[in-house]
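**Q** Protein chains in written order, with this note's numbering: chain A, 1 to 345; chain B, 1 to 345; chain C, 1 to 345; chain D, 1 to 345.
Note that these hints are calculated values from the structure, not bench results. Check before you lean on any hint, since a few could be wrong.
One copy or two, it doesn't matter: identical chains are merged, so the pair holds either way.
Derived lysine-lysine pairs resembling BS3-like cross-links, with alpha carbons at most 25 Å apart [as the list claims (entries may be wrong)]:
id, residue 1, residue 2
1, Lys-165, Lys-256
2, Lys-227, Lys-250
3, Lys-227, Lys-251
4, Lys-140, Lys-3
5, Lys-300, Lys-203
6, Lys-300, Lys-115
7, Lys-250, Lys-203
8, Lys-251, Lys-203
9, Lys-114, Lys-300
As a plain string of letters, each chain reads:
There are 4 protein chains.
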Amino acid sequence: MIKSAIVGASGYSGAEVFRILSGHPNVELTAITSTTRQGSSISELYQNITSSADMVFSSYSATLAAENDVIFLALPHGQAMEIVPDLMAAGDAKIIDLSGDFRLPGSVYESWYKKPHSSPSIIDSAVYGLSELNHGALLKARLVANPGCYPTSIILAIAPLSLAKVISEPIVATCLSGISGAGRAATDLTHYCRAESNVSSYKVGGTHQHIPEIEQWLSGLAQETLKIVFTPQLGPFTRGIYSNVAAPLKKETSLKEIDELYRAFYDDKPFVKVLDQGVFPELKGVSGTNYCHVGVTIDKRTNTVIAISAIDNLVKGAAGQAIQNMNIIFGLDETTGLTTMGSMP
Amino acid sequence: MIKSAIVGASGYSGAEVFRILSGHPNVELTAITSTTRQGSSISELYQNITSSADMVFSSYSATLAAENDVIFLALPHGQAMEIVPDLMAAGDAKIIDLSGDFRLPGSVYESWYKKPHSSPSIIDSAVYGLSELNHGALLKARLVANPGCYPTSIILAIAPLSLAKVISEPIVATCLSGISGAGRAATDLTHYCRAESNVSSYKVGGTHQHIPEIEQWLSGLAQETLKIVFTPQLGPFTRGIYSNVAAPLKKETSLKEIDELYRAFYDDKPFVKVLDQGVFPELKGVSGTNYCHVGVTIDKRTNTVIAISAIDNLVKGAAGQAIQNMNIIFGLDETTGLTTMGSMP
Amino acid sequence: MIKSAIVGASGYSGAEVFRILSGHPNVELTAITSTTRQGSSISELYQNITSSADMVFSSYSATLAAENDVIFLALPHGQAMEIVPDLMAAGDAKIIDLSGDFRLPGSVYESWYKKPHSSPSIIDSAVYGLSELNHGALLKARLVANPGCYPTSIILAIAPLSLAKVISEPIVATCLSGISGAGRAATDLTHYCRAESNVSSYKVGGTHQHIPEIEQWLSGLAQETLKIVFTPQLGPFTRGIYSNVAAPLKKETSLKEIDELYRAFYDDKPFVKVLDQGVFPELKGVSGTNYCHVGVTIDKRTNTVIAISAIDNLVKGAAGQAIQNMNIIFGLDETTGLTTMGSMP
Amino acid sequence: MIKSAIVGASGYSGAEVFRILSGHPNVELTAITSTTRQGSSISELYQNITSSADMVFSSYSATLAAENDVIFLALPHGQAMEIVPDLMAAGDAKIIDLSGDFRLPGSVYESWYKKPHSSPSIIDSAVYGLSELNHGALLKARLVANPGCYPTSIILAIAPLSLAKVISEPIVATCLSGISGAGRAATDLTHYCRAESNVSSYKVGGTHQHIPEIEQWLSGLAQETLKIVFTPQLGPFTRGIYSNVAAPLKKETSLKEIDELYRAFYDDKPFVKVLDQGVFPELKGVSGTNYCHVGVTIDKRTNTVIAISAIDNLVKGAAGQAIQNMNIIFGLDETTGLTTMGSMP
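Put together the whole structure using the sequences plus the hints.
**A** Put into C-alpha cells, the structure is as follows:
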C-alpha cells in the first residue's frame, strides 16, 4: 500500500483528494491536516463522508514526508512554496502540489502572481502534471506541479492543433467555471442567492494568472508563440469547467483532418474522450469524474476551428488529476481508483 | 460472475441500475432492453456512460430468464405484472421488480392503483425488498418487490418507533422529492423553467398509492393500525427524498430512550446512519449513494417525535436498494458495489 | 408624497423595501442607512438597481423620525428595540419594524429569544402587522411589528380553520424556506456549493422563536389553545416559503364546507388567493410578489385537513407586507405599489 | 388606450408580452390567442397570473387587425409570414413580429432557414426593431421585425465599436442562454434533470440562423464586412443571455477611448447601461427587466477588445423590446411600462 497524507484537506480540492483516495485500492491514507479544524473529523464538515472512511484532522509537520510515500498539498496559492523545501529535506515522499506555486518559471511567476517566489531554485525540478503531454517526465518526478483547472481544460481542448501547427493566434477561450472553483470560503460571490441563476466574469482582459501556464504549453507544443484571449466566467453550478476555444486555422483544413489529429493524439489517453463529429460536450457528462470530453468542428465561413471541452474542475481539474499523476509515478495503471462513472441524471 | 439483465434500462431507474452494476465486481451485464431505443447505445442517451461500459439496447424476450441469474425490471407501473409470469416460466433467474406491481395484496392493489392486477396469484410469492426489515425473507426470494422511494424513506425514518410501539397515529409525513422522481418523460412538470426555484405538491389528501405500502409495514411492526397523513412534494433538485415525519408519542419519553431505540435497530444495518443527537440530515449528504441518514428529536411541548430522513431516490429508493437485495440473495456482502461515497460539494 | 426612510437597507429585507418603494407612486424615499456601507451606493451591492433609483447609504440618526412620515426598520433581531424609544421621542414618523422585537409580550420574548427585552413598555403599543387578521388596529398604529415570514405563511394557511374552531391540536407545519431567509451574510450554510441541490432542517423540535408568534394568533382566533409542531427547512432556491400544514378536524367536515370558510375569510383580502379545489400552490406562482396562494383539502382516511400556502419570504413575508401596512396606515389603497405580477417562467 | 392583441400567447415570449402589457398604463389587451389552449385561461398555465389580469385564450382571426391598434405575433418561426399578409389586408393595426420571419432579405432567409419565404415582397417593408440602432425607421413602422435574442445581446455589446470602425474580424461571440430560450415545449433538452448543473452547445461552427442578422447590422454600422464566430450555449438558468464578445482592435486604442465610444453611443438610450470601467455584467442584474448591461475592456497583450453584455432573453431579447418598439411607434415615452426593477437576490 502506498502511504499518503493530505496537507490542507478541509478545502474543496483537498477533500476531493480524500474522497477519491478513500476508494483507491492501493493507497492508505495516514493523515489529513487542517490549520483551522484540527481535532474535528472531516465528516463534520462534509456529511457525505461515510463512517468507515472518516478521519480526524491533525496539524501539519514536515515529518509527514518521512512517514509517507506521497504527500498531496492542497493549500491556498503561495503556501506550498513555503513548506516544500522542508518537506523535501525531511523525507523521500513524492510531493504533488495542487497549487500554482511550481507551475511557472520564477520570473514569470513573479510578474503574474505579483510577489516573489520563496523557493525559486526548486521550480526547475518540478514536473508539470498534465500527463497527456508530459507522461515521460512524470515517471521520474519527485515534485509534481499539478495543472490549474482552466489550463487543463483549455490545453486538452486544443493540444492536438498546437502540436500539428495548424492554428495561429489569437486563440479566444471563453470558460465557464462552477462556483466550487471559488473555493470553500463563504463570500458575497459564493452566496447562494448571488450565484444561482447568475453568470459573472472576473479577471477579464488578460489578467488571470493561468494565462502564462496555458501559453507556455501550447506554444511549446507548436514551437512558436501562441497567445490566448482568456475570459473566465462563473456559472450557476457547483462543479465543472466548460471551455469554448476558437482558433484561426492557418489554411483551409477539413474537419476530417482535424478529427484525425485529435484521435491520433488522444487514442492512448484513457481520460480524454473525443466525441463523434457533430457531438459536443455536456458538462454533466463528466461531472464527478476524471474524464475530459472534447468536441471539435470548423466554422468554414471564418476558417476557424472551435474546440469545446468539459471537465470536472475538482477532479480532472484538481484532485483526480493529482491521483492520476500519483498512479503514474508509482507504476500503477493510470486509471486506478479513477474509473467511477458519473451520474446522469 | 452473476449474469444479469436490465429490462427497461433507458429510464432513470434502469439507467441507474446500469451505472451501479457497471462498477459491481461480481456482476456481468448481458443485456439491457428498451422498447423505444433498440439498436442505439445507452451512451447516446446518457453522456456520462464511459466507452468501456457502453452497451446497445436490445429488445425484450422472456428467454432472458434462462440466460441470466438475475433480471432487474425497471418498467412503468403495470408492465412488470404482464411479463413476470412468462419470465418465471422461462427460466430460473431471480427477478427484482422496481415497480409497484408486487408490493401490495391484490385487493389493496386494485383499490389504490384503480385497476385489476393481472397476476394476483404471484403476489404472495413476492418478497418485499426493504432488507432492513425483511432480511430473512430476502435470503430465499425468487421475486423481489423493491420498495417505493417514499416508503423507503418514511419507513426507515420511524421503523424503530413502530416496532417499540411508542407512537400513535396520525403520523404526518411531508416529503420532498427531486424531479427525477417524476421520471425521464419530458412534461410540463419536469420542464426546467417550471421546476427550478419551484416547489409543488401532488396527490395531496391521502391519495398517493404509496400510502398502503407504508401503513402495511409500519402497522406490521407495531402490530396495530398506524395511519399516515402523507403529502408528497416536488422540489428544485434532481435527486433525493427528504422526509419529515412527525408522530405523537404515546407517553412522555426521553430523547435518550428514543436514540437508543434507533441505534439498537440500525446497529447492524450498513446503509442506515443514525446521526448524532441534534444533527439532522442534509440531502447532499446522501446524494449519489445508497445511504439513508436519519435524525430524530422530540418536541416536548407537544410530546411529538420528529424523525427526518434523507435518501437518494434513484439509489436507496430504487436501483441501489435493488442491487443491495441482489447481494443478499446471492450471498454476497450486502454492500458490494454500493460503497461509493457521495460528493460534497 | 409620503416621506420615508429605511434603516438597514443593505440586507435582503431592507433592499427589498427599497426595490418596492422605488416603484411606489405615493412615496418619496429620503434616506437609506447602513452601518457597514455608508458612502457607497446601493447599486454597487445590488446590480439590479437602476441608475434613476440609485441612492447612497448614509448613517443612522434618530432625527430621521422628524424628517419622515414613516421609517422602515430592517435590522437584525435585537437592534430595533434599542432605537425605537429614541425614534419615537425624536419625531412623529410611523415606525414599521421588520424584526421580531415587538411581536411578543415581554415575558414570552425573553423565554424564546433568550435575553431580556430592552423596551418592554413599548411592546404593548405595537400593532401586529398581519393585516388579514388585524386590519382595524393597523389603521391607527404608530408602531407596527411586521410579522415573521413563517408565521405569515402558516397563519394565512389555516386562519379560517382556527376562527371556525373546526381543528384541534397538534397542528403539524413543515415549512421549506429559500436561502434568502438566512440573510445576506455569507456563511457555510449559504455557500452555493452547500445549498444547491440540498435540503436541510434547523431548530427542529419546537425551538424556533416563531412558534409563540404563530400560536398566539391561531389560539386567539380559536379562543382556545392551539399548539403547533413546526419544522423549518432550507431548500435550494432563493425566495419563498412553502408551508404544508396538517391539522386534525374536530369532526367530519366536507371539503365544500372548508372551502367556503376560506372563501368567506379571504373574499375581501386582496393578497390571499384561495386556489380552486384540487389545485395546490406552486412556489413560483408567488415569487417576486406580495401574494399568498393557499390550497386546502381533506384526508378523509385520517380526518385531517391539509392546507398548503406559498409566499415570497422577502415580499409578503417581509418587505411587501411592511409596505402593505404602510398603505393601510396612510389611507392608501392596500395594494398600491404592490400589484406587480410575478414572472413565470 | 392602445388596443392590443397577442397571437400565440401560451408560449414563453407571448406570455411575457402578456405579463408586461398587464402592467402597461396605456394599453388595453383585447385578445390572446392560442392554437392548443382555446377556452382555457392563461392563469391555468402560469400560476403567477393574477385574477384581475386573467384572460381566456381565443382562436386566431385576421379580423384582430381591424379591432386593435397593435398585434404582437409570438409564433414559432415560419408561421408569422403565413398570416401577416392577411393581417395587413384586414386592418390597420401595427404588427410587431417576435419571430425571425421578417428580419432578413428573402434570399438570405432562404439560405439560413432552409426553406423559401412565403411573403418575400413584404420583407422590405418590415423595420428591424433594435431601437438603439434604428429608432428613426421605427417611428413610422407598420410591421416590425423584432430582433432575435442573441443578435440583441451581441449587437448591443459591440455596436459602438463597429460604428467607430475600430475593430476587425473575426469577432468571436460565445453566448450562454437560459433554458427558456429553448421554448415551452417539454423535450429531453429542457428536462430539469438534464438541464440543471449542465452546460451544452448547439449549432456550433457557424450554423445558427442568427448569424446573418448579426453580421448584417454590425457590417452596416461599420460599412465594411464583419464576420462573426458564434457559439450558442445553454446554461442552467431560466432567463438571460450572457454574451462574451472578443474582437481584434485595428490599432492600439486606450480603454478611455473605448469607454468614451460606448458612453457617447448609449448616452441617450434608456435601456443600455454601460458599466464603470473594470465592472462587468452579472446576469441577475438584468433578469426580469428590459435593461442591457455592458462592460468592456482591452486585453493589451493581444490588442483585443472584450465586451460583455447581459440581457433577459424574454424581455429585452423578446417581449420587452417588442413593447419598447410599440411605445416608440405610438409616440409614448420609450420606457413606459418597462421600468420595473429586477429582483436581487
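**Q** If you test the structure against every hint from before, which numbers come out violated?
**A** none
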